[in-house]
Amino acid sequence: KAGVTQTPRYLIKTRGQQVTLSCSPISGHRSVSWYQQTPGQGLQFLFEYFSETQRNKGNFPGRFSGRQFSNSRSEMNVSTLELGDSALYLCASSLELTGDDTQYFGPGTRLTVL
Amino acid sequence: GEDVEQSLFLSVREGDSSVINCTYTDSSSTYLYWYKQEPGAGLQLLTYIFSNMDMKQDQRLTVLLNKKDKHLSLRIADTQTGDSAIYFCAERRYNQGGKLIFGQGTELSVKP
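Protein chains in written order, with this note's numbering: chain Y, 1 to 114; chain B, 1001 to 1112.
Treat the hints as calculated values from the structure; they're not laboratory data. All figures in this text were calculated on a predicted structure; none of them were measured in a lab. Each hint should be verified, as a subset may be incorrect.
[As the list claims (entries may be wrong)] Derived DEER-like restraints, expressed as beta-carbon distance ranges:
#	chain 1	residue 1	chain 2	residue 2	range
1	B	1052	Y	15	46 to 52 angstroms
2	Y	96	B	1053	19 to 25 angstroms
3	Y	57	B	1019	31 to 37 angstroms
4	Y	27	B	1050	33 to 39 angstroms
5	Y	51	B	1109	40 to 46 angstroms
6	Y	80	B	1111	43 to 49 angstroms
7	B	1055	Y	15	21 to 27 angstroms
8	B	1050	Y	15	42 to 48 angstroms
9	Y	70	B	1057	37 to 43 angstroms
10	B	1009	Y	52	41 to 47 angstroms
11	B	1057	Y	60	35 to 41 angstroms
12	Y	55	B	1071	26 to 32 angstroms
Backbone N, C-alpha and C define an ideal beta-carbon position, used for all residues, glycine too.
Make the full structure from the sequences, and use the hints.
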C-alpha cells in the first residue's frame, strides 16, 4: 500500500504570495492532519480534517487554511506569505475506522519564503 | 503544562544500546508514540504504547513507560550507524481534539 504522498516536495515563494500544498493520504484513511516543523518552534499542529470537515485547529493565524475532498485528499493554503512561514510542512493520515488513530506521515513539503 | 520534553543530543558507539528519554504531561489515558526523522525526510513511525501498559518490545526497540513519573523511554539495542537520526516522542492529547504534541527531538549520533 502506498504511503502518504505530498506535492510539491520543494517550493520557493516570495513574501506576500500565496501557496497551496497537497496531501494524498494512505488509501482508506479518512483523517488528514497538518503540522509545521521549524528549527525554532519544532513540530506544531496546524489542523485536522475528517470527512471533509475541519475537526481540530491549532494556534495559527487565519492566513493558514485547509480543506479536504471527498476522496480524503487534502490541501492547505497559506496566503500573504511571511518569512517566518519558511518551514517543512508535514501531512499525516490515520484510518479512524476501528478506533485506530495512529498517524502516518508523508515526506513533507519544504517551503522557503524569500 | 503543554510541553513534552526530551534531551537534545545522544552519542553512542556502534553496537551499544541507546536510551532516549521523554517526559509527557497528560494524566488521562492516551497513546504515546516514537517517530524517527532522517535528514530531509518526513517522520517514520517506530512504535507506540498505550498509557495503561508498562512496556512494549518490537525487535530491537523497547519502550518503557513509568506512568507515575510520566516518563517514557525508547531503548535501541545493538545500535547501528543507520540508526543515526532525530527521534521524536509524541503524546496524543484527546482532551485537545486528539492532536499530537511533540517533544523537541533527540539527535542520536552513532559512531563506528
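Structure-based check of each hint:
Against the hinted window of 46 to 52 angstroms, the Cβ-Cβ separation of residue 1052 of chain B and residue 15 of chain Y comes to about 49 angstroms, which satisfies the hint. Judged by the Cβ atoms, the range 19 to 25 angstroms given for residue 96 of chain Y and residue 1053 of chain B holds: they are separated by roughly 22 angstroms. Distance hint check: the CB atoms of residue 57 of chain Y and residue 1019 of chain B are about 36 angstroms apart, consistent with the given range 31 to 37 angstroms. Taken as a hint, the range 33 to 39 angstroms is violated for the pair residue 27 of chain Y and residue 1050 of chain B, whose Cβ atoms sit roughly 26 angstroms apart.
Range check, residue 51 of chain Y to residue 1109 of chain B: about 43 angstroms between beta-carbon atoms, so the 40 to 46 angstroms window is met. The given range of 43 to 49 angstroms is respected by residue 80 of chain Y and residue 1111 of chain B, whose C-beta atoms sit roughly 46 angstroms from each other. For the hinted restraint 21 to 27 angstroms between residue 1055 of chain B and residue 15 of chain Y, the CB-CB distance of approximately 50 angstroms leaves it violated. Between residue 1050 of chain B and residue 15 of chain Y the C-beta distance comes to about 45 angstroms, which sits within the given range of 42 to 48 angstroms.
Judged by the Cβ atoms, the range 37 to 43 angstroms given for residue 70 of chain Y and residue 1057 of chain B holds: they are separated by roughly 41 angstroms. Remark: the range hint 41 to 47 angstroms for residue 1009 of chain B to residue 52 of chain Y is upheld by a beta-carbon distance near 42 angstroms. The supplied range of 35 to 41 angstroms is met by residue 1057 of chain B and residue 60 of chain Y, whose beta-carbon atoms lie about 38 angstroms from each other. Checking the proposed 26 to 32 angstroms range against residue 55 of chain Y and residue 1071 of chain B shows it holds: the Cβ atoms sit about 30 angstroms from each other.
Consistency with the previously given hints fails for numbers 4, 7, ordered from lowest to highest.
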